[in-house]
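S.K.: Knowing the structure of chain D, use the given hints to seat chain H on it.
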Amino acid sequence: MAVLLPHKPPAPSRWRVPRLRFVHLVGFVGLSLVVGGGAFAQANGARLSALEVIWKWSPLLLSGFGFNILMSVLAMALGTAAGILLGLAQIGENRTLRSLAWGATQFFRNAPWLVLLFFAMFMIPFQFRLFGYTVPFPDWVKAVIGFSLPVMANMSEIVRGAVASLPSGQWEAAESLAFSRRQTLWMIILPQCVKRMLPPWMNLYSLITMATVQASIVGVSEMLTLTAQVHAAEGGRPDLLAPLYGFAMLCFFVYCYPIERFTLYLERRFQLNQ
Amino acid sequence: MTETSIVPPASPPGDNGWTPDQPLVRLVDVRKSFGQLEVLKGVSMDVAKGEAVCIIGPSGSGKSTLIRCINALVPIDAGTIRVEGQEVNDPDLDKLALRRKVGMVFQQYNLFPHRTALQNVMMAPVHVLKQDKGEVEARARALMAKVRLSGKENAYPGELSGGQQQRVAIARALAMRPDVMLFDEVTAALDPETVKEVLLTIRELAEEGMTCILVTHEMGFAREVADHIYFTDAGLIVEHGPPATFFSDPRDPRTRAFLGQIL
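Those protein sequences? They're chains D and H, same order as listed. All residue numbers for the first sequence refer to this note's numbering, where the first residue is 1 and numbers rise by one. All residue numbers for the second sequence refer to this note's numbering, where the first residue is 275 and numbers rise by one.
Do not rely on the hints blindly, as some may be mistaken.
As the list claims (entries may be wrong) - Reference listing, derived: stretches of chain H covered by chain D, where coverage requires no fewer than 3 residues with Cβ under 8 Å from a Cβ of chain D: (1) 374 to 381; (2) 388 to 400; (3) 438 to 451.
Stated by the list, open to error - DEER-style ranges, computed between Cβ atoms: (4) H:S333 x D:L100: 37 to 47 Å; (5) H:A412 x D:S180: 24 to 34 Å; (6) D:G92 x H:R530: 49 to 59 Å; (7) H:K407 x D:R182: 14 to 24 Å; (8) D:K195 x H:A518: 51 to 61 Å.
Calculated directly from the structure, the hints in this document are not laboratory data. Even for Gly, the Cβ is constructed at its ideal location relative to N, Cα and C.
In isolation and in its complexed conformation, chain D is listed as follows (with noise of 0.2 Å):
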């Protein structure tokens, strides 16, 4: 009679770095043979080993990775201050302002993030006047803003499915108590949005990470810029390719693994305490 008991999720754990286990560590070592790979191989003389690149460029190339990172962190906070309010208004009261929201949303969300990486990078000038002193507008900055574009699109829509995903007997209720929508908004039921909304919103952090290297496309020297570079400098050897791209490719995992597994515990563990 199995089939007849409710489905109950599994009991969370404490969250914990994630543990190592066999797999990840077949992982990493495949990893690493590709990224050492041909090292032994061509390793003769006065040409390096790929271990010896990637090592002797770590420097450069974490500073680059540490440039997408940024860029990531200030999307990010650019995208979700301004996808709040425009989720704001997409369920306010306001009819005109409802409809202008809800087509910004709909128009943001739906262009491919490297197109409106173009419109950003091409409508933006590359400086500002401002009371006379000329603010410059470098290209990183300009990513950033056009990375900004998708995340606020998206956090709108996590905004306005959060609200949604309340039930409609905590509206009734806070409307029988005689509060004001506005009180009801701010004090009943955005702060519970606020665990909904968590998961997707870290989730979306960890899409748009991995989406700074399209920056690269339009000259920002990020990690996939430098690393294009470096393979240059070192005289555009072939069987550099994959160990450099692999390098880059292994930052991006261990940052935004602990960030996906860390999303799935919280998912978890708000399911239970609905």
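M.R.: Leaving out everything else, chain H in the frame of chain D:
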């Protein structure tokens, strides 16, 4: 008047000329449709101050819609509803002022899950009525004791049983010192063993003189507590009367059929 008394002092006659000897809630020919479906087809009823009124009837007969119209949760299409002389379907109505006078308890409790039981009770008086927090807290604790939940003040709704949550919801509505309480099938979602404790609380309220309008399926309770019973079927009030005559001598065949099915 003791501190825990829930019956508000008689409100002075308002500028609309209402005096406490007139019906506290008066519905005249109320109609409501949802799209093509006409849910209320001209409902009239009077509820006097201090009266307990039960609305019974088959599912889908418009009972819940009827009760939701009284505090303007559902706007009506035609007819008039007056609460203490104030017209509920007036487009210029101050809904918040109306809802301060009308407390409501729901089938699904609808407590705010992110706040403790005590905070649930205190929120509206503090933030809506802007009353002093210390004074509200004392009153909220007294209300928690009144619904027999002393000691559960700091529990979150998720930690309470259905019956306990429903009693917190009653205390929450009472904290606004309403003139009339609406109960919308408040025991329908409860386990049979916890129904009793909630009904006991409501009975005490009614006996203390709180004006109560209840939608219920608990016939025994309705018979004992109600001063007046309304039977609705298909959006109309088919029959009404005091419980003694209503249950022992129903006139309308629809009432007879309904009572025959459930008694």
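S.K.: Indicate, hint by hint, whether the structure satisfies it.
M.R.: Against the structure, the hints:
no.: 1; hint: 374 to 381; verdict: holds (count 5)
no.: 2; hint: 388 to 400; verdict: holds (count 3)
no.: 3; hint: 438 to 451; verdict: holds (count 4)
no.: 4; hint: H:S333 x D:L100: 37 to 47 Å; verdict: holds, 42 Å
no.: 5; hint: H:A412 x D:S180: 24 to 34 Å; verdict: holds, 26 Å
no.: 6; hint: D:G92 x H:R530: 49 to 59 Å; verdict: holds, 52 Å
no.: 7; hint: H:K407 x D:R182: 14 to 24 Å; verdict: holds, 20 Å
no.: 8; hint: D:K195 x H:A518: 51 to 61 Å; verdict: holds, 52 Å
The structure fails none of the hints (numbered hints given earlier).
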